[in-house]
Amino acid sequence: MAGNGFVQVDKVSKSYQRDAIKVEVLTNISLTVPEGEFLALMGPSGSGKTTLLNLIAGIDRPDQGSVVVNKVDIDGLGESALAKWRANNVGFIFQFYNLMPVLTAYENVELPLLLTRLSKKEKMEHVETALKLVGLADRIHHYPRQLSGGQEQRVAIARALVTDPALIVADEPTGDLDKVSAEEIMTLLERLNKEFKKTIVMVTHDPRAAEKAHKVMHLDKGELTKG
Amino acid sequence: MFIFRLILKNALRHKLRTFLTILGICIAVTAFGFLRTIVTAWSAGVEMSSVTRMITRHKVSFIMPLPKSYREKIQTIADVDQVTYANWFGGLYKDPNDWKNFFPRMAVDPETYFDIYPEFVLSEKELADFRKERNACIVGTKIAKEHGFKIGDIVSMDGDIYPGKWDFVVRGIYKGKDETWDETQMLFQWDYLNERITQQQPTRQGNVGWYVLRVKDQNAMPAVAREVDELFSNSRAGTKTETEKEFQQSFVSMSSAIITSLEAISYIIIGIILLILANTIAMAARERTREYAVLKTLGFSSVHIVGLIAGESLLLACLGGALGLVLTFPISAGFAKLFPTFFPIFNVEDITIILAVSVALLAGIIAATFPTSATLRTKIADGLRQIG
Amino acid sequence: MIVPLKYIWRSLWTRRLTTVLTLGGIALVAFVFAAVLMLAHGLEETLIETGSEDNVIALRRSATSELVSQIERDGANVLLSQPEIAIGQGGKSFASTETYIIINLGKKETNDMGNIVVRGISPQAIDLRPQLKITDGRMFEFGKDEIIVGKSINAKFAGADIGQRIKFGDDWWTVVGVFEAAGTAFESEIWGDVEQFMPAFGRPVFSTVTARLKGKNGFAALKSRMENDPRTQYIDLKIERAYYQEQSKLMSDFIKILGLIVTIIFSIGAVIGAAITMYAAVANRTREIGTFRALGFSRPSVYLAFLVESIFIAIIGGSVGIALASLMSFFSFSTTNFSSFSELAFGFRMSPDIIIGTLIFSLVMGIFGGFFPAVRATRLKVIDSLRAAS
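Chains as they are written, first to last, in the numbering used here: chain L, 1 to 227; chain P, 228 to 615; chain C, 616 to 1005.
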């Protein structure tokens, strides 16, 4: 093991097959994220930021190299073990919120808890706590279409928090929001990191969003650089 | 259960599409049930057979007559309890091109026929009146209703096999012992037929169409068949004796090609059900590719996803199937009313119900297979990338 | 402006799976529709071709088929002495007095028995039916216990090969030849000498008389004269072709009605499938529709685009169905004809009418399936469409 960060990425490579063409997205990338860090990954389109994020979150596997999160070698886990790991250890925030349109805010946040053995009462407590945290306690029975973009994203964040994961992964969380809502979301993320000590890895285009992070790194042509 | 609520809500997302899918499946299942009912109705006669009756007919063909004198000889066989006989009269009633005017008309022995066929339910008085008058006839309740026959009415018709003008007086209306017995027959006295024929075409007198035997014990049947046919093996008119069931079955097999075709078509219907359902489920699954990917990121496993897809598929299949099955009954009843004499017995059998339910379930499962395997194969990252 | 055909075609191609499934449904319905029509048509052709316009057939009045008809020798002689009857070989009337009997034979493929027509004929019967040809063996000799069997009997029933003997009417009859009759009903029959059959079956009378007319115009006069003669009043004369047409009517109607019911039900299913597909197409392409409208395409052109797409699917599906149905002409169908109570083999026959009818039927299905979805497509407001998620 090269380093001992909370998130430790070692010499990973990843390529995709697009019809007949093989595209090398990441080549020999290594990254160390200490516990409690708030990292922003920036770079031009197609640079592989989202791919790297997916590898860290256990949504995808590297062709070569290893990914270790909180001392667990996730690229060595089988599919169902990986699914379980995700449920307990990672919270996702997407650019397009990705809420289930047929479920209310409450039910959306409750989803991850269905995989646990908590009692109905315990589930309710967790959900209400998460929704209060993001400031949406008064909208819990609304459907996504009845919420504004900013509110939807906050529901998504509540969903990401409800199982109390140590790692939060965010892919362009403010990409679809106006200035005011974006500001609100970033403040929320900052609070999660400072107050609740969540390790956050965020991909963003938005320089203002990147300002809130501790550290910014650039990914370009497969190379990771500071700054 | 939460998963079930999710399935239901998903199905209600596109109300029109869900409604059309259920409607399509419903119609197809109704058609399936209806066709199957026709197929089973065709063999209804076989089910009507009794376990102790046998039929003796001319060896070469059912069409050819047997001498009445055979009766005495047949009665000498030990295991034969009772012997009766009948002739197919045929005849043309009113407009022969109209379906409704075709019903079985037969000349029978009034003394023994109803003894061998207790399934004809008649009052004592009606039977007595029938035996008293030479040109009396008994008709079934279905044709009595269809043609408005009442006791005392005169029914006239032209003979074809037995030419001339014939008049019969209705002296009894019979019911079948249950819904499996034909209530469309008209029976009259054999002697009436024979007397006319003796006058008009004397060479044809003294002949019956076939004999019906009642055998004391089921197990004796093969032996009886052999013995009867032995009796007449050297006569001019050789006989073939078989159980009533075999006899009825031979009629069914005459139309076996048509029956097979109807069965084949009923299977094609299953294909149509599948196509409609598979189309809808595939569409729904494709629309929700991103959602399934998100569920996977949250930690739901493939089993859960398959459950959602298959669950919705089965839900639609079962709703459509149940509705379709319920509709099969009134449609079959309506058809039976329209063509009472063509299929005298037209019931939706249990086997049809079982088949229809199985078909719906099977369709629900099969329709989900392609979308399921596609979804399972899709990597989470690709699924998230999907638009719409 | 009309929405380009290329767009319509590509849209179908993009959603291949859905398109194929919908197409499959329509093809299936078209197949059943065409196949049923082909079967009824094949039945009619087989039976009608059996009869000729130049021949007249005499049956007992009100006999529904040859099976129940009886003609006495005297009556037959009176008929044959009429001037309208053509003269054949040896100066005798060009006619055949025949007897029509049914026997049972076992089928080769299943364990069932079938009712087979055994027809006793006179020497001129073969010439009376020019479509008849001996294809194997030879014609039987009159006066002997010999018979020839039709192609269909030879193929489908046991014990009907050349050299084999069949027992009926008290006697054993040797098969000496197989004949073809251009696919007509005769191919399902066994033929022999009428004067041998009658005593063997104990029949003193003929079933029918078939004779060639000198000229078709003679029919009316002949018929009325026969009806007024007390010796022949019981005899009914028909043109042979008309008689066989009647014989097919019952079966043909039955097939058509059953087929129609089945097809209607199927087509409702197919239309529903098409509608589902088209509604989804509209919903998925809301933004595209908005773009077209913004570019200047009118409402009717959008409507037409979707309707044409639906019709496209239907016509292609219909064509596939027709192609599949035409494969059915390799199969022959053999069952008991309700009217004559005897075995009849016939095939599926395609005709231009059936092709056109099936295509029109498919077209109608496409229009019904696409009608309402297309209306929905036009109702969308431009601005809403462009804003919509794709």
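Honestly, the hints are just simulated from the structure, not real lab data. A portion of the hints provided could be inaccurate.
Claimed, not checked - Calculated cross-link-like contacts (lysine-lysine; reagent style DSS-like; alpha-carbon spacing at most 27 angstroms):
1. Lys352/P - Lys300/P
2. Lys864/C - Lys392/P
3. Lys472/P - Lys722/C
4. Lys321/P - Lys707/C
5. Lys242/P - Lys123/L
6. Lys864/C - Lys242/P
7. Lys327/P - Lys621/C
8. Lys11/L - Lys321/P
9. Lys321/P - Lys853/C
10. Lys782/C - Lys295/P
11. Lys472/P - Lys84/L
12. Lys723/C - Lys327/P
13. Lys996/C - Lys327/P
14. Lys300/P - Lys71/L
15. Lys236/P - Lys120/L
16. Lys300/P - Lys22/L
17. Lys84/L - Lys236/P
18. Lys472/P - Lys723/C
19. Lys606/P - Lys221/L
20. Lys838/C - Lys321/P
21. Lys864/C - Lys369/P
22. Lys212/L - Lys194/L
23. Lys564/P - Lys443/P
24. Lys236/P - Lys121/L
25. Lys864/C - Lys564/P
26. Lys194/L - Lys71/L
27. Lys295/P - Lys321/P
28. Lys392/P - Lys838/C
29. Lys300/P - Lys782/C
Said to hold, decoys possible - Take a look, some chain P residues computed to stay more than 10 angstroms from chain C by CB distance:
30. Arg244
31. Val287
32. Ser288
33. Phe289
34. Asp322
35. Pro345
36. Thr368
37. Ile485
38. Ile495
39. Asn506
40. Ala509
Cβ coordinates follow ideal geometry from the N, Cα and C atoms, glycine included.
Hint check:
1. Simply put, Lys352/P and Lys300/P have alpha-carbon atoms about 32 angstroms apart, too far for the 27 angstroms limit, and the pair is violated.
2. Restraint check: the Cα-Cα separation between Lys864/C and Lys392/P comes to about 26 angstroms, which is no more than 27 angstroms; the hinted pair holds.
3. With a C-alpha separation of about 19 angstroms, the suggested pairing of Lys472/P with Lys722/C holds against the 27 angstroms cut-off.
4. As the CA atoms of Lys321/P and Lys707/C are separated by approximately 41 angstroms, the hinted pair breaks the 27 angstroms bound.
5. For the suggested pair Lys242/P and Lys123/L, the alpha carbons sit about 31 angstroms apart, so the restraint of at most 27 angstroms is broken.
6. Between Lys864/C and Lys242/P, the direct Cα distance comes to roughly 47 angstroms. Violation of the 27 angstroms bound is thereby established for this hinted pair.
7. The suggested pairing of Lys327/P with Lys621/C is violated, with an alpha-carbon distance near 57 angstroms, which exceeds 27 angstroms.
8. With a C-alpha separation of about 97 angstroms, the suggested pair Lys11/L and Lys321/P falls outside the 27 angstroms cut-off, and the hint is violated.
9. With a C-alpha separation of about 21 angstroms, the suggested pairing of Lys321/P with Lys853/C holds against the 27 angstroms cut-off.
10. Only pairs whose Cα atoms come within 27 angstroms are accepted, and Lys782/C paired with Lys295/P is accepted, the gap being roughly 24 angstroms.
11. Of the supplied pair hints, the one linking Lys472/P and Lys84/L is violated, its CA atoms being roughly 64 angstroms apart against a limit of 27 angstroms.
12. For the proposed pair Lys723/C and Lys327/P, the alpha carbon gap of about 36 angstroms is over 27 angstroms, so the pair is violated.
13. The straight-line distance between the Cα atoms of Lys996/C and Lys327/P is roughly 58 angstroms, outside the 27 angstroms bound, and the hint therefore fails.
14. For a cut-off of 27 angstroms, the pair hint linking Lys300/P to Lys71/L is broken: about 101 angstroms separates their Cα positions.
15. Taken as a hint, the Lys236/P and Lys120/L pair is honoured in the structure, with Cα atoms around 21 angstroms apart against an allowance of 27 angstroms.
16. Only pairs whose Cα atoms come within 27 angstroms are accepted, and Lys300/P paired with Lys22/L is rejected, the gap being roughly 94 angstroms.
17. About 26 angstroms separates the Cα atoms of Lys84/L and Lys236/P, which keeps this hinted pair within 27 angstroms; it holds.
18. For the suggested pair Lys472/P and Lys723/C, the alpha carbons sit about 22 angstroms apart, so the restraint of at most 27 angstroms is met.
19. For the suggested pair Lys606/P and Lys221/L, the alpha carbons sit about 24 angstroms apart, so the restraint of at most 27 angstroms is met.
20. Distance restraint check for Lys838/C and Lys321/P: the Cα-Cα separation of roughly 24 angstroms lies within the 27 angstroms cut-off, and the hinted pair is therefore satisfied.
21. Annotation: proposed proximity of Lys864/C to Lys369/P holds, straight-line Cα distance about 26 angstroms (limit 27 angstroms).
22. Straight-line distance between C-alpha atoms of Lys212/L and Lys194/L comes to about 11 angstroms, which keeps the hinted pair within the 27 angstroms bound.
23. Among the hinted pairs, Lys564/P with Lys443/P is inconsistent with the structure: their alpha-carbon atoms are about 38 angstroms apart, more than 27 angstroms.
24. At most 27 angstroms may separate the alpha-carbon atoms for a hinted pair to count; Lys236/P and Lys121/L meet this at roughly 24 angstroms.
25. A hinted pair counts as satisfied when its Cα atoms are at most 27 angstroms apart, and Lys864/C with Lys564/P qualifies at roughly 23 angstroms.
26. Simply put, Lys194/L and Lys71/L have alpha-carbon atoms about 22 angstroms apart, close enough for the 27 angstroms limit, and the pair holds.
27. This hinted pair does not check out: Lys295/P and Lys321/P have alpha carbons roughly 31 angstroms apart, beyond 27 angstroms.
28. As the CA atoms of Lys392/P and Lys838/C are separated by approximately 23 angstroms, the hinted pair is consistent with the 27 angstroms bound.
29. Distance restraint check for Lys300/P and Lys782/C: the Cα-Cα separation of roughly 25 angstroms lies within the 27 angstroms cut-off, and the hinted pair is therefore satisfied.
30. Distance to chain C contradicts Arg244/P as a non-interface residue, since its nearest Cβ pair spans about 6 angstroms, not more than 10 angstroms.
31. Under the 10 angstroms C-beta cut-off, the non-interface status given to Val287/P relative to chain C is violated; the minimum distance is some 5 angstroms.
32. A Cβ of chain C approaches the Cβ of Ser288/P within 10 angstroms, the least distance being about 5 angstroms, so the stated non-interface status is violated.
33. Not every Cβ of chain C is farther than 10 angstroms from the Cβ of Phe289/P; the closest lies at roughly 8 angstroms, contradicting the non-interface assignment.
34. The Cβ of Asp322/P sits about 12 angstroms from the closest Cβ of chain C, beyond the 10 angstroms cut-off, so the non-interface label holds.
35. A cut-off of 10 angstroms between C-beta atoms confirms that Pro345/P is not in contact with chain C; the least separation is 29 angstroms.
36. With a least beta-carbon separation of about 25 angstroms from chain C, Thr368/P lies farther than 10 angstroms from that chain, consistent with its non-interface assignment.
37. For Ile485/P, the shortest C-beta to C-beta distance to chain C comes to about 5 angstroms, within the 10 angstroms cut-off, and the non-interface label is violated.
38. For Ile495/P, the requirement that its beta carbon stay farther than 10 angstroms from each beta carbon of chain C is not met, with the minimum near 6 angstroms.
39. Against chain C, the non-interface label of Asn506/P is violated: not every CB pair exceeds 10 angstroms, the least being about 4 angstroms.
40. Here Ala509/P does not stay apart from chain C, with its beta-carbon only about 6 angstroms from theirs, under the 10 angstroms limit.
Figure legend: structure checked against the earlier numbered hints; hints not met, in rising order: 1, 4, 5, 6, 7, 8, 11, 12, 13, 14, 16, 23, 27, 30, 31, 32, 33, 37, 38, 39, 40.
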